[in-house]
Amino acid sequence: MTTLSRILHRLESPDEGERIEALLELVRVQGPAPLDRLFRLATEDPSPGVRYYARRAFGSLKAAAGAGREGPAPAPPDAPGAAPAPGEEARLASLAQDLGALDPRRRLAAVRRAVADPAPTFVPLLAAALPRESSVEVRAALVAAIGRLGGPAETALLAPFLGDRDHRVRANAVDALAAIGSEEAIVQLIPAVQDPDHRVQTNAARALAGVEGTSIPRLLRALALDGEVWNRDAALHALDSLDAPFALRLLAEMARGDAVQRLRAKARACLERRATAGQALARHLLEGLPPEG
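For any residue, its number in my numbering is found by taking its place in the sequence shown, counting from 1, and adding 103.
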């Protein structure tokens, strides 16, 4: 079995860790890019960690494929598989070891150490640790650290923690996404203004109040029609939390015309839930959509 065949086989593994390792190896070898498979993992895999690494691998390999004969595009310093700067190997090894320790106090100390003396290459290690973290305190610290040290690429990893069972993690997720500040990150915060915890509500409202130069409806429309599927998916998630007529009309636009079938189906399902709940506008908009298929 060739190296690429072995990697592609591991991408289908039921084990989350093995799928992540395969994604990292795929970027390192810079072989022929299975972009369709990476896109599916980045949008549909049940693991936030796998979706995160698949999205980053998709971006890196798509850029390399676009470079053509000029050779692969260089990976950014914090891309999965990027080589650490000289002298960082020992720090990376120490951080990885401590993040995998059985004692949660040691894991928490590792996160705090990474924030106090950061390096771009720490972000993938922190990101890999987050989905498997069982301690609420460490999970909250990881979310905050990734928001502080990461960037827009970490949005898809952090967003699911807005629904964490612990309010401290949810509040830190709001602050982390607000710190990232991209449009995709900001629209994820819209449902959080209805969180049962007052601190989460307050943090989300403060972040949304800081959106400059545009209104929330205009921002959502721009993202719903954006060329990047991640932005459209984020817009769908936010629109599904709103009862306003403009949100229902945007959902209908996406159900009718989005280029990705999965997003069309998701938008239609949002409208169907509203129609079932008795919203006349949702029922009217559904009647105007073409048949599924």
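These are computed hints drawn from the structure, not numbers from a lab.
One thing to keep in mind: the hints can contain errors.
Label pairs and their computed distance ranges (CB to CB) [stated by the list, open to error]:
#1 383 with 111: 43 to 53 Å
#2 331 with 140: 15 to 25 Å
#3 390 with 131: 33 to 43 Å
#4 135 with 270: 53 to 63 Å
#5 204 with 296: 28 to 38 Å
#6 368 with 348: 14 to 24 Å
#7 200 with 392: 50 to 60 Å
#8 302 with 376: 20 to 30 Å
Heads up, the beta-carbon is just placed ideally off N, CA and C, and yes, glycines get one too.
So which of those numbered hints doesn't the model satisfy?
3 and 4
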